[in-house]
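Protein chains: 2
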Amino acid sequence: MVRTSKLLGSAEDIEAAFYDAINRGDIEALMAVWSDDEDIVCVHPGSPRLVGHAAIRASWEGMFERGSLIIEPRNVLVTQNMMMAIHHVIEDLGDVEFDGMDGHILATNVFVKTPLGWRLTLHHASIAPGAVEHEHRSTAILH
Amino acid sequence: MVRTSKLLGSAEDIEAAFYDAINRGDIEALMAVWSDDEDIVCVHPGSPRLVGHAAIRASWEGMFERGSLIIEPRNVLVTQNMMMAIHHVIEDLGDVEFDGMDGHILATNVFVKTPLGWRLTLHHASIAPGAVEHEHRSTAILH
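Which chain is which? The protein sequence lines are C and Z, in order.
The numbering used here numbers the first residue of the first sequence as 39 and each following residue consecutively.
The numbering used here numbers the first residue of the second sequence as 39 and each following residue consecutively.
Any given hint could be a false lead.
Heads up, the list lumps identical chains together, so a pair's fine if it works in one copy or across two of them.
[To be verified] Calculated pairs, SDA-like style, for lysine to any residue (alpha carbon to alpha carbon, straight line, at most 25 angstroms):
#1 Lys-151 - Gly-168
#2 Lys-151 - Glu-110
#3 Lys-151 - Asn-119
#4 Lys-151 - Met-101
#5 Lys-151 - Gly-84
#6 Lys-151 - Leu-107
#7 Lys-151 - Glu-103
#8 Lys-151 - Ile-165
#9 Lys-151 - Glu-66
#10 Lys-151 - Gly-105
#11 Lys-151 - Ala-169
#12 Lys-151 - Phe-102
#13 Lys-151 - Val-170
#14 Lys-151 - Thr-117
#15 Lys-151 - Ser-106
#16 Lys-151 - Gly-141
#17 Lys-151 - Gly-100
No lab work stands behind these hints, which were simulated from the structure alone.
This one's a predicted model, so the numbers in the text were calculated from it and none came from an experiment.
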């Protein structure tokens, strides 16, 4: 399989390339950010688990055929070491309604360091209700 | 904060302790599997992102008060290195219906190796429609 060797950079760069490819509807660029691992995982909001390149590619092709997507990741929380990075993001859809739902999308993106550079190995997205009013965050520890 | 030093073992052991604590409704055991990191993340199906121990603890206490949960993880896909482990699991709810929905739950669990051993740092669960008939898996690569 042909992979571009030009896709280098940090996990943040690969994540930016992922959302850029989504926003441009560019299936080749989108698939290039994924790891070659057979067990790559993608969960679209409200959908079953997809495993492997062919199933994941087909799902995105279907979404691109139904129209353009504009997704901007924000409020990214990062857990990272030398070989793996977990980003938990809120996906801002702008004015787009997702399947008519009033909500926002949460996504966990996992990147692994491969011989070709950082690559996406898991994207798990789901719908949360309502607008993003505030972070449900605690700094104090109760016990 | 008091943490048990007895909670040792692999990421798989900590995941087993997590689901065991859920199934017993044991909030102390449940919170003991989490990392001390302030930015621990928990997403319950169809719910907003929770960040930090207090918010996460309160959410599980609320769930335990509403009744017992029986969740068995299965079809676990693992990506792991020395310091981090990502498990993507299908949560089998047995005969329990989740909020009246006909579906199953997908979860991404991220574990990090801490000085105390492997601990959970992210749990992202979401609802997928229908029963788990078959894995949407591809071994061939289309291009």
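Here is how each hint holds up against the structure:
1. Taking identical chains as interchangeable, the C-alpha atoms of Lys-151 and Gly-168 are never at most 25 angstroms apart, the minima being 35 angstroms within one chain and 35 angstroms between chains.
2. Taking the closest pair of Cα atoms, Lys-151 and Glu-110 come within 25 angstroms of each other only inside a single copy of the chain (23 angstroms); across copies the shortest separation is 31 angstroms, beyond that limit.
3. Taking CA atoms no more than 25 angstroms apart as the test, Lys-151 paired with Asn-119 passes in both settings, with 10 angstroms inside one copy and 11 angstroms between copies.
4. Taking the shortest alpha-carbon separations for Lys-151 and Met-101, neither the intra-copy value of 28 angstroms nor the inter-copy value of 37 angstroms comes in at or below 25 angstroms.
5. For the identical chains of this complex, Lys-151 and Gly-84 are neighbours neither inside a copy (29 angstroms) nor across copies (31 angstroms), given an alpha-carbon limit of 25 angstroms.
6. Taking the shortest alpha-carbon separations for Lys-151 and Leu-107, neither the intra-copy value of 28 angstroms nor the inter-copy value of 37 angstroms comes in at or below 25 angstroms.
7. Within a single copy, Lys-151 and Glu-103 get their C-alpha atoms no closer than 31 angstroms, and across copies no closer than 42 angstroms, so neither meets the 25 angstroms cut-off.
8. Neither within a single protomer nor between protomers do Lys-151 and Ile-165 lie at most 25 angstroms apart by alpha-carbon distance, with minima of 28 angstroms and 29 angstroms respectively.
9. Taking the closest pair of Cα atoms, Lys-151 and Glu-66 come within 25 angstroms of each other only inside a single copy of the chain (20 angstroms); across copies the shortest separation is 35 angstroms, beyond that limit.
10. Proximity of Lys-151 to Gly-105 under the C-alpha cut-off of 25 angstroms is found in neither arrangement, the shortest distances being 32 angstroms within a copy and 42 angstroms between copies.
11. Within a single copy, Lys-151 and Ala-169 get their C-alpha atoms no closer than 34 angstroms, and across copies no closer than 34 angstroms, so neither meets the 25 angstroms cut-off.
12. Within a single copy, Lys-151 and Phe-102 get their C-alpha atoms no closer than 28 angstroms, and across copies no closer than 39 angstroms, so neither meets the 25 angstroms cut-off.
13. With identical chains, the CA atoms of Lys-151 and Val-170 are never at most 25 angstroms apart, being 32 angstroms at best within one copy and 31 angstroms at best between copies.
14. With identical chains, the CA atoms of Lys-151 and Thr-117 are at most 25 angstroms apart both within one copy (14 angstroms) and between copies (12 angstroms).
15. For the homomeric pair Lys-151 and Ser-106, neither the shortest alpha-carbon distance inside one copy (30 angstroms) nor that between copies (40 angstroms) is at most 25 angstroms.
16. For the identical chains of this complex, Lys-151 and Gly-141 are neighbours neither inside a copy (33 angstroms) nor across copies (34 angstroms), given an alpha-carbon limit of 25 angstroms.
17. In this assembly of identical chains, Lys-151 and Gly-100 lie within 25 angstroms of each other by CA distance neither inside one copy nor across copies; the values are 29 angstroms within and 39 angstroms between.
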